[in-house]
Amino acid sequence: MDKKPCNSSSQDPEVRKGPWTMEEDLILINYIANHGEGVWNSLAKAAGLKRTGKSCRLRWLNYLRPDVRRGNITPEEQLLIMELHAKWGNRWSKIAKHLPGRTDNEIKNYWRTRIQKHIKQAENYHHHQSNNQLHHPHHELSTTNSDQTTSNDNTNNNYQQASTSCHVSTTTMPDHHHHHHHHPMDAYSPTSFHHHPPPPLNNDLFPTHQFPTALDHSSTCTSQENNYWSMEDLWSNMQLLNGD
DNA sequence: AAGGGATTCAACCGCCTTTAT
DNA sequence: TATAAAGGCGGTTGAATCCCT
1 MDKKPCNSSS
11 QDPEVRKGPW
21 TMEEDLILIN
31 YIANHGEGVW
41 NSLAKAAGLK
51 RTGKSCRLRW
61 LNYLRPDVRR
71 GNITPEEQLL
81 IMELHAKWGN
91 RWSKIAKHLP
101 GRTDNEIKNY
111 WRTRIQKHIK
121 QAENYHHHQS
131 NNQLHHPHHE
141 LSTTNSDQTT
151 SNDNTNNNYQ
161 QASTSCHVST
171 TTMPDHHHHH
181 HHHPMDAYSP
191 TSFHHHPPPP
201 LNNDLFPTHQ
211 FPTALDHSST
221 CTSQENNYWS
231 MEDLWSNMQL
241 LNGD
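Residue numbers (the working numbering): 1 to 244.
These aren't lab readings, by the way, just hints derived from the structure by calculation. Some clues are possibly wrong.
[Claimed, not checked] SDA-like mimics (lysine to any residue), calculated; alpha carbons at most 20 Å apart, straight line:
| id | residue 1 | residue 2 |
| --- | --- | --- |
| 1 | K17 | N41 |
| 2 | K45 | H35 |
| 3 | K94 | L58 |
| 4 | K97 | L84 |
| 5 | K54 | V39 |
| 6 | K108 | R70 |
| 7 | K54 | V15 |
| 8 | K87 | N105 |
| 9 | K108 | A96 |
| 10 | K54 | P19 |
| 11 | K54 | E37 |
| 12 | K17 | K45 |
| 13 | K87 | H98 |
| 14 | K94 | E106 |
| 15 | K17 | R69 |
| 16 | K117 | A86 |
| 17 | K87 | G71 |
| 18 | K97 | L79 |
| 19 | K97 | K45 |
| 20 | K94 | R69 |
| 21 | K17 | N62 |
| 22 | K17 | R70 |
| 23 | K45 | L84 |
| 24 | K108 | E76 |
Modelling step: build the complete structure from the supplied sequences, incorporating the hints.
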């Protein structure tokens with residue numbers, strides 16, 4: 001019947017989902033600064049966040065941690081990713097350990113959005129070239145797993161050849177992608193606040209102070225590149241949070 | 001200038017493993 | 001030791017954004 005698998009106890013079944021607000025980020029950063037990370041479920045409660053422990057952990061690890069590396073993937077990093085993926089398949093966290101500051105999520109996303117399609121293109125190309133040859137039964141680089149990963153050795157060098165030969169190579173990889181890669185601390189896009197409902201502050205947490213005043217445009221830049229909250233803004237809000 | 005398809009990426013889910021009781 | 005809870009992982013999703021006509 002009413003099985004409530006996780007998140008037992010504690011009334012307050014309200015668990016927030018979706019994008020993190022700046023307020024939530026600040027609470028999390030602040031809490032971890034004071035108490036350290038780990039024990040995520042209790043951390044979430046103690047900090048007053050209406051999030052699951054998992055969600056807090058993910059947010060911290062992938063985004064808020066101070067040592068998350070900012071900026072676009074470099075050609076060197078890309079090469080490494082390609083090599084390691086060729087070796088290990090979709091073992092993202094394992095791969096990530098070899099790219100300091102990069103998260104498994106980021107690498108996974110990068111792979112799927114930036115590399116995979118090139119490889120597929122290259123494969124198609126080869127395919128057509130060697131039409132009379134036997135057709136590879138799709139190395140299936142993605143989609144429905146077919147799990148190269150779980151097969152433990154999975155030396156799926158399947159596409160290794162493709163990746164080295166196609167123009168995914170660093171020299172031709174245009175880097176054309178600019179912007180994005182906001183990362184941890186500077187990642188508070190003011191525009192996002194306009195797309196989301198006003199900060200859902202509960203006054204238990206913020207009895208006297210209110211961030212939103214700091215969220216007006218006075219302190220934001222308009223250029224795309226700098227269209228994020230500055231460190232100063234963050235800090236001042238953080239101090240407000242701390243009650244000075 | 002506006003509409004719409006394509007792309008990106010933060011964050012979710014379910015499953016499996018590890019740790020705690 | 002057995003069971004439950006937490007942590008970790010990889011696949012997937014969809015809102016926001018980009019890009020093209």
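Structure-based check of all given hints:
| no. | hint | verdict |
| --- | --- | --- |
| 1 | K17 x N41 | holds (15 Å) |
| 2 | K45 x H35 | holds (13 Å) |
| 3 | K94 x L58 | holds (17 Å) |
| 4 | K97 x L84 | holds (11 Å) |
| 5 | K54 x V39 | holds (10 Å) |
| 6 | K108 x R70 | holds (16 Å) |
| 7 | K54 x V15 | holds (12 Å) |
| 8 | K87 x N105 | holds (18 Å) |
| 9 | K108 x A96 | holds (9 Å) |
| 10 | K54 x P19 | holds (14 Å) |
| 11 | K54 x E37 | holds (12 Å) |
| 12 | K17 x K45 | holds (15 Å) |
| 13 | K87 x H98 | holds (13 Å) |
| 14 | K94 x E106 | holds (13 Å) |
| 15 | K17 x R69 | violated (25 Å) |
| 16 | K117 x A86 | holds (15 Å) |
| 17 | K87 x G71 | violated (25 Å) |
| 18 | K97 x L79 | holds (15 Å) |
| 19 | K97 x K45 | violated (30 Å) |
| 20 | K94 x R69 | holds (17 Å) |
| 21 | K17 x N62 | holds (16 Å) |
| 22 | K17 x R70 | violated (25 Å) |
| 23 | K45 x L84 | violated (38 Å) |
| 24 | K108 x E76 | holds (16 Å) |
Taken one by one, the earlier hints fail for this structure at numbers 15, 17, 19, 22, 23, listed in ascending order.
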